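Chains A and B supply the protein sequences, listed in that same order.
Numbering (my numbering) for the first sequence: 40 to 455.
Numbering (my numbering) for the second sequence: 1100 to 1398.
By construction, these hints were calculated from the structure, which means they are not laboratory data.
On a predicted model such as this, the values are computed, not experimentally measured, just so you know.
One or more hints might be untrue.
What the simulated footprint calls covered on chain B by chain A, stretch by stretch (three residues with Cβ under 8 Å from a Cβ of chain A suffice, anywhere in the stretch; the number is not a length) [to be verified]:
no., stretch
1, 1251-1258
2, 1336-1344
3, 1361-1367
Cβ coordinates follow ideal geometry from the N, Cα and C atoms, glycine included.
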Amino acid sequence: MIQAAGPSARRISTLLAAVALVLSASGCAGGPGADSASGEVTSITALDYYTDASEHAQWSERLDACGKGAGVTVEHRSVPGASLVPKVLRQASSRTLPDLLMLDNPDLQQIAQTGALTPLDRYGIGSGGFAKGILSAGTYRGKVYGLAPTVSTIALFYNKDMLSRAGVAVPRTWEELKAAAARLTRPGRYGMAVDANATFEGTWQFLPFLWSNGGDERHLDTPQAAQALQLWVDLVRSGSMSRSVLNWTQADVHDQFVAGRTAMMVNGPWRTSEMNKLKDLHWGVAPIPVRRSGQTLVTPLGGEVWTVPQNASKARQAKAARVLACLNDSAHMLALARQNFTVPSRPAVASRYAEQVPSMAAFVGSVERARARTGELGVSWPKAATGIYTAVQAALTGEQTPREALGHAQRIATAS
Amino acid sequence: MRSGSRRLPDRIARWGFLVPALGYLLLFFGYPIARNIAMSFQRYTATTFYTGAAPFAGLRNYADIVSSDQFPKLLLTTALFTAGSLAGQFVLGLALALFFHRRFPLGGVLRSLLLLPWLLPLVASGTTWRWMLDTDTGVVNRALRDLHLVSTGVPWLTGTSQALVSVILVNVWVGIPFNATILYGGLQDIPAHLYEAARLDGAGRLASFRHITWPLLRPVTGVVLVLGVVYTAKVLDIILVVTGGGPADATQTLATRSYELSFQQFEFGRGAALGNILVLLSLAFALVHLRANRRALNA
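Next up, chain A with everything else stripped away, as it sits in the complex:
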């Protein structure tokens, strides 16, 4: 978890870069000419968690293209998702932060709170035209610190063949979902699958059910929240959903779906290209069902924001900011969205995109109303998120009723 992913040569070069940074920082400490030696910034560093080989290569290309425009080469490094924040914290304490840093959007406010990031208005980067949800995730104390070129959310995936064979329509309400899941369940196959893991990923999957029904992370002990949790409990109790959801990650849920062991699932668009490769799998995407028709679907907003960390060299920051602005312009946004099956974060670009890529239409529609996880609670979101997955686990195992479990969750969320 603490090792960097790159080859050792790269590690050494970053080390040298870090040493150089420290030297330049200590050399110019206090002087007004802090960036006197910066006229010739020719390369900057970028850090993200796109460790998947093809994804890493695609991002390297994109960063290079944007770097060229700013007159720098971009040294691109990726670390596994779980070790990104710990790595950033260590880099923050040793003052070796990269010039350009990607963060998962719910982590941004916490990192911004430490003081390690710089507000983007300092570089003249405006936030006009971006969807509100992603801006609220990138904002800390009224200032925008991070912008995401593309965003994503979760939706209901279904196996077209299984549904048509069972004569089941795509469910739009919870009652329909329960009925459909029950009819789709047979030996060796479940009707429905979600990720109810005891992690933030489990919380993320529960949010559309909680939010669309009027539940709120500030008050978890409400009847609306209990109804949402009851739905998951009913699905497991009736045998339409495996008890193993308690232990499944989103990747496991995807594997179950691809293997034909579940007819429907809640998941994101990240593995679309993989699913497209499977000729025998005919799948569709629909918005996640709501309790009763007429309710508005509210899903959690996913996506990674790019930031410019604190740095001794103003010139490097300026270059990094130019690359960041380039990543977030309409053309790159669209290209990134097509590559990764995500949604452009400017609604104007997104609507054009929905016409071009029909399989993404359900996501484009949901993303418009998607809410950032840190939008309301900011830096205390992790506590509420812990409360939520604890409640989901307690209710699905039958340890507590949904009402009791959510009462407990509220105590976790508000504990000092």
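Assemble chain B onto chain A, guided by the hints.
Relative to the frame of chain A, chain B by itself:
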């Protein structure tokens, strides 16, 4: 006093030999422990990494942890996990050690194969166990069903009472090689002529185990058990991979909770406090054992 000047170089040399070991201990054990203790008295959060400011919090972190309604359950789970794992590992390890103590063809090969669980990376074997114990598709339930031992799948990882049993079973599997190896070494040290004499006296297998093997194996047993407690109480990777502390915190121990506090919620102060409590418990156990051992030797 009489040969002070002659003994000075000696003394320097003696210290010189000690310095590398002392330096190593101070740097790699002393410093982290001191740092961890200091951290547990601070409000050490994510912000501290950048600003370096960690306000002194006194006993607040410890008070928060001990007074939380989760704490008694954490202690109980840790105790059950440790006791269960230890009992299983020790009994099976001893049985295997006794078995391999007898000479038979391929005994050496089999004995070295026994080390396999120890050689595999824990994350890899943990993931495999997770698949094997899956309720619907796991090979364990499949085998039980085919043998008509159960009709519906056992929720090995998703039942609140079964999950703890499952992680204990996995940990027993991981710990058997260690126990078997050390106990096997202990058995080798018992002089063979004692068994011959016992046989001449007409003692059966059971009697010679009770009156020769068991008493003479006691010092080794003590070491194995103390190390076992220390190794087991701090187990993190197996639980994280197999159940992630779930379902509904059923397999959450002091170690996993400490990890969660520090590295998921970034409450390093509280995580450190919980870690220190775990260290203290292990230390207390080791001291009690050393004491008992010394008394046994003196008696």
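The hints, checked one at a time:
Only residues whose beta carbon comes within less than 8 Å of a beta carbon in chain A count, and the stretch 1251-1258 of chain B has 4; three or more means the coverage holds. Against chain A, the stretch 1336-1344 of chain B contributes 3 residues with a C-beta closer than 8 Å to a partner C-beta. That satisfies the three-residue criterion, and the hint holds. With 4 residues having a beta carbon nearer than 8 Å to a beta carbon of chain A, the stretch 1361-1367 of chain B meets the requirement of three or more and the stated coverage holds.
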